[in-house]
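J.: As given, the protein sequences belong to chains G, D, C and U, one line each in that order.
Numbering of the first sequence is given in our numbering, commencing with residue 1 and proceeding in unit increments.
Numbering of the second sequence is given in our numbering, commencing with residue 118 and proceeding in unit increments.
Numbering of the third sequence is given in our numbering, commencing with residue 477 and proceeding in unit increments.
Numbering of the fourth sequence is given in our numbering, commencing with residue 608 and proceeding in unit increments.
To be clear, the hints were calculated from the coordinates, so they are not data collected in a lab.
All figures in this text were calculated on a predicted structure; none of them were measured in a lab.
Each hint should be verified, as a subset may be incorrect.
[Unchecked claim] No farther apart than 27 Å at their CA atoms in a straight line, the calculated lysine-lysine pairs in the DSS-like style are these:
(1) U/K678 to U/K658
(2) G/K49 to C/K602
(3) U/K743 to G/K21
(4) D/K402 to G/K49
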Amino acid sequence: MINNVLSNLFSKPATRDFPAKMREIAENVRGSVEFNTENCVYCGACALKCPANAIEVDRPAKKVTFDLYKCVACACCAEACRKGCIQMAKQYAHPSYRKMDVVFQGEPLLTDANGDS
Amino acid sequence: MSNRTVIPFGPQHPVLPEPIQLKLELQDETVVSAIPHIGYVHRGIEKAAERMEYTQNVFLVERVCGICSFIHALCYCQAIEQLQNIEASPRAKYLRVIWSELHRLHSHHLWLGLFADAFGYESLFMQFWRNREMLMDIFDKTAGSRVIISTCAIGGTRRDISDVHLQEILDTLDEVEKQLDKTLPVILNDYTVKKRTVGIGKITREQALELGAAGPVLRANGVAQDMRQLGYAAYGELGFEPVTENDGDCYARAKVRARECYQSVELVRKAIRQLPDGEILTKPKGRPKGQVISRVEQPRGELLYFLSADGTNRLDRLRIRTPTFANVPPLVAMLPGCELADVPVIVLSIDPCISCTER
Amino acid sequence: MMETMEIKPQEIIDIPNIRDVDVSELLDRVKKAADEKRRFVTMTALDRGDHFEVLYHFDRDLHLEHLRVRVPKGQTLPSISSVYLAAFLVENEIKELFGLEITDIAIDYQNHLYLIEGVEPAPMAKDKPLE
Amino acid sequence: MNILQKSRAKSPWILHYDAGACNGCDIEILACLTPVYDIERFGMVNVGNPKHADVLLVTGTCNKRSARVLKNLYDQMPDPKVVVAVGACALSGGIFHECYNVLQGVDGTVPVDVYVPGCAARPEAIMEGVMMALEKMNQR
Chain G
1 MINNVLSNLF SKPATRDFPA KMREIAENVR GSVEFNTENC VYCGACALKC PANAIEVDRP
61 AKKVTFDLYK CVACACCAEA CRKGCIQMAK QYAHPSYRKM DVVFQGEPLL TDANGDS
Chain D
118 MSNRTVIPFG PQHPVLPEPI QLKLELQDET VVSAIPHIGY VHRGIEKAAE RMEYTQNVFL
178 VERVCGICSF IHALCYCQAI EQLQNIEASP RAKYLRVIWS ELHRLHSHHL WLGLFADAFG
238 YESLFMQFWR NREMLMDIFD KTAGSRVIIS TCAIGGTRRD ISDVHLQEIL DTLDEVEKQL
298 DKTLPVILND YTVKKRTVGI GKITREQALE LGAAGPVLRA NGVAQDMRQL GYAAYGELGF
358 EPVTENDGDC YARAKVRARE CYQSVELVRK AIRQLPDGEI LTKPKGRPKG QVISRVEQPR
418 GELLYFLSAD GTNRLDRLRI RTPTFANVPP LVAMLPGCEL ADVPVIVLSI DPCISCTER
Chain C
477 MMETMEIKPQ EIIDIPNIRD VDVSELLDRV KKAADEKRRF VTMTALDRGD HFEVLYHFDR
537 DLHLEHLRVR VPKGQTLPSI SSVYLAAFLV ENEIKELFGL EITDIAIDYQ NHLYLIEGVE
597 PAPMAKDKPL E
Chain U
608 MNILQKSRAK SPWILHYDAG ACNGCDIEIL ACLTPVYDIE RFGMVNVGNP KHADVLLVTG
668 TCNKRSARVL KNLYDQMPDP KVVVAVGACA LSGGIFHECY NVLQGVDGTV PVDVYVPGCA
728 ARPEAIMEGV MMALEKMNQR
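From just these sequences and the hints, can you work out the full model?
T.: Next comes the structure, spelled out in structure tokens:
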């Protein structure tokens with residue numbers, strides 16, 4: 001045990017210096033869902049596949065509502081999208097003070113649950 | 118009776134990361150009886166599995182337990198594969214072994230740390246958890262997430278592990294093994310640790326069998342039963358001997374898990390050496406129909422899934438029997454006769470996973 | 477994926493090694509299993525509309541064997557916890573979540589193992605909504 | 608900012624309660640306490656006693672039974688206090704939001720100050736969430 005104590009005493013700290021230094025994120029990390037609605041045809045495949053029902057697609061209104069706070073980051077939607085509109089961003093989703101839905105309707109706009117910007 | 122008191126242990130207790138309540142009846146300092154009270158984590162996953170499509174259920178069952186998520190998904194996927202009459206490709210089978218053994222390794226590290234914390238050895242807890250982070254990094258790199266890795270799919274796996282990452286896993290395992298050589302002797306040989314674990318929470322082999330114990334609790338009583346002997350995934354080709362101990366106390370259970378750490382390291386190495394090339398996903402066809410039971414070995418013991426499907430895209434019934442659920446009756450038998458101060462050590466010695474138990 | 481045609485439920489094929497027993501001979505059968513040193517694994521309840529199907533799973537040297545009883549709704553099932561104490565948790569669970577009355581459980585939680593007062597009883601029954 | 612507020616922000620004590628999680632977020636919170644992430648650098652200590660705590664970290668889908676315990680713990684904490692809900696389950700129920708024994712999110716039981724999304728939330732996100740909560744506490 002003494003050896004262990006000594007080697008711990010003289011080795012570099014294991015601690016990562018967060019938040020001063022952000023760690024390099026590995027490739028292919030399923031951080032958060034990223035929408036790119038340019039090619040979106042509002043087919044609703046992502047909404048069907050989502051196990052947490054976090055995505056709602058309103059086809060007539062051409063509107064995609066994504067509830068980040070239900071999302072379990074399984075990447076099913078990204079796999080289901082044939083148009084390549086959904087990608088998994090490497091960066092994790094950041095905390096927030098309010099619950100907000102991400103809504104896409106042509107131009108993406110951010111509104112809170114009550115609908116006001 | 119004169120000095121009998123009932124003490125509630127939990128639901129929020131510093132030793133327990135999860136809420137469970139034990140009503141302990143004490144005569145002075147000695148526990149006379151213990152009754153577990155659960156229900157703080159019950160969600161109703163079995164019912165939800167009837168609502169969701171059988172393909173979506175993979176992600177649901179993964180979240181029965183965050184510590185051994187991959188193994189839950191594996192058990193479910195194997196059951197569905199059996200119903201649909203498909204078989205995962207050889208490469209997928211080996212990848213499944215690699216991920217499940219890494220999960221076992223990280224779970225045992227986690228447990229050894231918490232166990233050390235339970236008998237008041239905080240620096241040992243920190244050491245095990247520091248070493249565990251190396252394994253979490255592997256999950257991060259190979260699967261894209263630290264805890265719930267979502268790589269198992271019906272018919273194989275969703276991701277492949279590249280050669281670069283395989284080498285990285287081997288390097289990490291060397292380091293993990295080196296660290297284990299340093300830290301495990303403390304759990305196994307240290308005088309104070311032995312004082313708190315040897316002879317504590319003892320049950321006999323007959324009791325363990327009668328009370329339906331599972332996993333390390335059963336194997337610590339000399340019963341060589343490990344579901345990996347069934348040869349699911351690629352375990353049949355890897356050669357496998359269950360780890361057993363004979364004393365049936367907290368020390369023996371710690372020893373089983375400590376030796377299983379080395380076993381898991383060896384199994385991953387072997388799996389990587391023998392990893393065949395090929396496809397990773399067999400496309401499933403048709404709908405699942407019929408009843409099936411699938412069993413795999415979790416870090417905590419035997420996991421059983423019973424599936425009943427009627428040919429639609431939803432399951433008729435999904436029954437999950439988790440190892441901690443089986444280990445609660447032995448716990449009730451272990452506690453009487455021990456001292457109040459030993460209760461945390463004994464409770465942790467079965468490696469309780471309450472979210473598994475209640476689903 | 478979206479379903480265009482609803483497939484009708486079909487007859488379900490059983491798991492192997494299953495033996496149908498009557499409620500009256502259940503305890504004798506279970507005692508026999510205990511004498512032969514089988515390890516009690518768990519129980520599974522299925523709601524089949526007018527009756528419950530209860531499966532008892534036993535293990536012996538990695539080999540599973542099952543007993544099956546059918547209990548019409550409204551009737552009771554005797555507890556096996558006098559033979560296998562390990563069954564008390566799962567019997568409480570079935571009693572609470574399915575509403576199948578199981579009598580003489582060794583430790584009876586009186587339908588409060590998982591749910592507290594004010595929650596609708598027997599949520600796992602098939603006639604309960606799926607959410 | 609007076610001296611009391613300043614010292615509170617320098618050393619916030621954390622109480623962690625699992626209201627029904629799958630363990631994923633809980634082990635990530637524990638990972639925050641261990642050497643690699645080590646939030647004790649910021650003076651944060653995990654305590655077991657609600658009366659000692661300033662920050663309540665809640666994980667998991669809340670059900671009716673654990674909601675009672677959660678409310679109880681929250682009421683016992685002295686003011687000023689902040690609540691950080693960690694993980695998809697605690698925010699909205701996540702994948703379990705339609706299960707029969709799940710309350711959809713803990714914000715129906717206790718007032719939540721910071722929402723940390725993710726399944727499971729990464730240790731970095733949890734730390735960021737706690738720091739955001741402290742900022743909010745300082746404004747009180």
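J.: So, against the hints stated earlier in the document, which numbers end up violated here?
T.: none
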